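Participant: For reference, the chains in residue letters:
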Amino acid sequence: MVTYRHMLALAAVHAAVLAGLIAGMVPANAERIIASISRHRVQVTSSFTGTQIVLFGSIERDPAPAPQRSNYDIVVTVSGPRQTIVTRRKGRVVGIWANVDSRTFVNVPTYLSVLTNRPVNSIANAETTRRLQVGLENIVLPQQIGPDIADVVRDDPFRKNFVRLQVDHKLYSEETNGVTFITPTLFRADIALPALAPFGNYDVEVKLFSDGNMITRMTSAFELVKFGFEQYVADAARNHGALYGLTTVLMALGTGWFASVVFRRD
Amino acid sequence: MQIYLPIADLPVNIFLVLAMGLAVGFISGMFGIGGGFLMTPLLIFIGISPAVAVASVASHIAASSCSGAISYWRKNTIDLSLALMLLAGGFLGTAVGVWLFTLLRALNQLDLAIGLSYVVLLTVVGGLMIWESVRVIVRERQGRPVVLRRGGSHTWLHGLPLKMRFKRSKIYVSAIPIWLIGFVIGFIGAVMGIGGGFILVPMLIYFLRVPSATVIGTSMALTLITMAAATLMHSITNHLVDAVLALILMVGGVIGAQFGARAGQSMRGERLRLSLGILVFAVGLRFAYELMVQPDDLFSIRGTGGGG
Numbered sequence: 001m002v003t004y005r006h007m008l009a010l011a012a013v014h015a016a017v018l019a020g021l022i023a024g025m026v027p028a029n030a031e032r033i034i035a036s037i038s039r040h041r042v043q044v045t046s047s048f049t050g051t052q053i054v055l056f057g058s059i060e061r062d063p064a065p066a067p068q069r070s071n072y073d074i075v076v077t078v079s080g081p082r083q084t085i086v087t088r089r090k091g092r093v094v095g096i097w098a099n100v101d102s103r104t105f106v107n108v109p110t111y112l113s114v115l116t117n118r119p120v121n122s123i124a125n126a127e128t129t130r131r132l133q134v135g136l137e138n139i140v141l142p143q144q145i146g147p148d149i150a151d152v153v154r155d156d157p158f159r160k161n162f163v164r165l166q167v168d169h170k171l172y173s174e175e176t177n178g179v180t181f182i183t184p185t186l187f188r189a190d191i192a193l194p195a196l197a198p199f200g201n202y203d204v205e206v207k208l209f210s211d212g213n214m215i216t217r218m219t220s221a222f223e224l225v226k227f228g229f230e231q232y233v234a235d236a237a238r239n240h241g242a243l244y245g246l247t248t249v250l251m252a253l254g255t256g257w258f259a260s261v262v263f264r265r266d
Numbered sequence: 001m002q003i004y005l006p007i008a009d010l011p012v013n014i015f016l017v018l019a020m021g022l023a024v025g026f027i028s029g030m031f032g033i034g035g036g037f038l039m040t041p042l043l044i045f046i047g048i049s050p051a052v053a054v055a056s057v058a059s060h061i062a063a064s065s066c067s068g069a070i071s072y073w074r075k076n077t078i079d080l081s082l083a084l085m086l087l088a089g090g091f092l093g094t095a096v097g098v099w100l101f102t103l104l105r106a107l108n109q110l111d112l113a114i115g116l117s118y119v120v121l122l123t124v125v126g127g128l129m130i131w132e133s134v135r136v137i138v139r140e141r142q143g144r145p146v147v148l149r150r151g152g153s154h155t156w157l158h159g160l161p162l163k164m165r166f167k168r169s170k171i172y173v174s175a176i177p178i179w180l181i182g183f184v185i186g187f188i189g190a191v192m193g194i195g196g197g198f199i200l201v202p203m204l205i206y207f208l209r210v211p212s213a214t215v216i217g218t219s220m221a222l223t224l225i226t227m228a229a230a231t232l233m234h235s236i237t238n239h240l241v242d243a244v245l246a247l248i249l250m251v252g253g254v255i256g257a258q259f260g261a262r263a264g265q266s267m268r269g270e271r272l273r274l275s276l277g278i279l280v281f282a283v284g285l286r287f288a289y290e291l292m293v294q295p296d297d298l299f300s301i302r303g304t305g306g307g308g
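Line by line, the protein sequences are chains A and B. Heads up: the first sequence begins at 1 in the working numbering, then just goes up one per residue. Heads up: the second sequence begins at 1 in the working numbering, then just goes up one per residue.
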């Protein structure tokens with residue numbers, strides 16, 4: 001039977017353990033990252049051919065108990081709005097090339113950029129990079145396999161080709177010189193947004209590594225929005241389909257009528 | 001100059017799209033066809049998703065056939081009652097076509113179905129046109145008289161019931177083949193994203209013996225109605241019509257069509273049909289080549305959102 005005194009003792013032990021944990025964690029978390037991106041709202045107009053936003057960051061060290069580490073590594077992961085994407089494979093069927101197999105990637109980022117200051121495999125060991133999803137090869141891309149949703153082995157042909165096609169379209173990228181250290185604790189990363197970058201919210205995650213271990217991380221976000229006329233047209237098409245269609249038909253009739261008047265020969 | 005297409009979600013060069021509209025418009029004006037069978041593959045080629053291409057081309061064809069239909073209306077060469085009868089079959093064909101489109105998309109075989117139907121349809125129709133016009137040209141060279149329209153000749157089609165009289169076209173035929181032709185045009189329009197003028201005109205001439213005076217005007221009126229309906233339908237159900245893309249295509253298309261029509265008038269009928277036949281056949285071969293030769297990339301990706 002648990003008495004009041006027992007409970008008090010238990011609470012004291014808990015407090016001690018907790019205090020010990022915090023004390024133990026402090027040196028490991030001595031560093032903090034402070035980062036800021038140049039624009040939190042990227043507006044796209046009719047002449048959008050891609051743009052770049054800049055992330056500046058600083059590694060802040062606690063003065064007293066911090067171990068004097070200096071060999072820092074930074075991994076910046078930017079992931080765009082998520083979408084379900086089907087990857088199809090063609091094969092030869094009775095002399096013609098047709099889609100014979102397909103895999104559905106469920107809710108995967110439409111844009112993914114991994115920026116580091118040196119190759120991922122020299123920042124941390126394979127187990128760590130896989131657990132923390134560092135690098136294009138290690139980011140989880142869940143597939144619909146029958147009734148289950150799971151990620152598959154890294155050299156699965158569908159996964160490999162999906163990533164390759166996204167890289168070809170400049171939507172996925174991994175830059176091992178994407179992060180530059182200006183001073184040992186001050187860094188900058190250039191995030192490239194190609195013309196095909198989809199609209200929506202982008203998550204930015206900055207991870208700080210030292211000697212193969214992750215020390216801390218911070219997150220930020222920005223938004224890519226259609227601006228002005230384009231946004232108006234897209235909204236109208238989505239929310240007022242009938243009116244939009246009618247306007248398009250009238251536009252077609254108007255253009256046709258105008259041409260027949262202008263070029264009238266009889 | 002780059003311009004952003006709001007629905008296709010893609011920046012394109014405005015002059016490239018305008019030039020495509022002009023070129024296809026020129027051909028459509030020259031031969032009196034909509035040109036969808038050229039425009040849809042071109043748009044897919046520059047990176048626009050097939051769904052958006054098919055939907056936006058519908059409004060472009062509506063514009064060019066409107067311009068044509070108005071001038072034929074002034075000349076009083078549209079058989080409206082024939083067009084309406086074709087339309088009755090056309091609506092059913094469109095409905096069946098949309099159903100099949102959705103089914104094939106779910107089975108991952110839409111690209112193959114579109115490719116195969118382009119190959120079969122374009123090579124067969126193109127081949128027939130070439131053969132027909134070459135025969136006429138050869139006969140003329142030999143100095144033999146050419147009888148294009150065997151007036152008063154009857155085929156089994158004239159034995160069918162439900163006969164109707166079309167005053168303007170001066171024909172007296174059963175409604176059944178008219179509905180069937182309308183059905184076929186509506187069906188391929190929905191599946192392949194084409195107006196079908198280049199098939200409709202020969203069918204009206206060969207099967208129904210519609211005189212050349214009313215055949216093009218009637219075909220244009222029908223295309224105008226079906227493509228306007230398709231634009232509206234695509235806007236309401238799938239939100240896939242890109243009005244900005246459509247407007248650029250329309251402007252290029254109607255201007256090109258005027259110059260095309262002038263060029264077409266200076267050419268003789270058989271030669272015009274022969275060049276159209278070669279063009280149609282070549283596009284068909286291009287699709288066949290794509291299906292036969294191993295593609296550069298066996299893998300392809302597409303979002304399930306439909307738009308992008």
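Source of the hints: derived by calculation from the structure; they are not laboratory data. There may be inaccurate statements among the hints.
[Said to hold, decoys possible] Sample of chain A residues at the chain B side, in silico, Cβ under 10 Å:
(1) A30
(2) T49
(3) Q52
(4) F56
(5) N71
(6) Y72
(7) V93
(8) L165
(9) D168
(10) R238
(11) N239
(12) A242
(13) A252
This structure is a prediction, so every number in the text was calculated from the model and none was measured. Backbone N, C-alpha and C define an ideal beta-carbon position, used for all residues, glycine too.
Participant: Work down the list of hints and note, for each, if the structure agrees.
Facilitator: Comparing the hints with the structure gives:
1. Taken as an interface hint, A30/A does not check out: its beta carbon lies about 44 Å from the nearest beta carbon of chain B, beyond 10 Å.
2. Interface restraint check: T49/A against chain B, minimum CB-CB distance 5 Å, threshold 10 Å, status holds.
3. With a least beta-carbon distance of about 16 Å to chain B, the hint placing Q52/A at the interface is violated under the 10 Å criterion.
4. This hint is violated: F56/A has a C-beta 29 Å from the nearest C-beta of chain B, more than the 10 Å allowed.
5. This hint is violated: N71/A has a C-beta 39 Å from the nearest C-beta of chain B, more than the 10 Å allowed.
6. The interface hint given for Y72/A is violated, since its Cβ lies 36 Å from the closest Cβ of chain B, which is over the 10 Å cut-off.
7. Satisfaction of the interface hint for V93/A is found here, the shortest Cβ-Cβ separation to chain B being roughly 9 Å, below the 10 Å cut-off.
8. Here the hint on L165/A is kept, as its CB sits about 5 Å from the closest CB of chain B, short of 10 Å.
9. The interface hint given for D168/A is met, as the beta carbon of that residue sits about 9 Å from the closest beta carbon of chain B, less than 10 Å.
10. At about 5 Å, the closest approach between the beta carbon of R238/A and any beta carbon in chain B falls short of 10 Å, and the interface hint on this residue holds.
11. Annotation: N239/A was flagged as interfacial toward chain B, and the flag holds, the nearest CB pair being 9 Å apart, inside 10 Å.
12. Annotation: interface hint on A242/A holds; nearest CB of chain B at approximately 5 Å, less than 10 Å.
13. Below 10 Å, beta-carbon pairs count as interface contacts, and A252/A has one with chain B at about 4 Å; its hint therefore holds.
The structure is inconsistent with the numbered hints 1, 3, 4, 5 and 6, although it conforms to all the rest.
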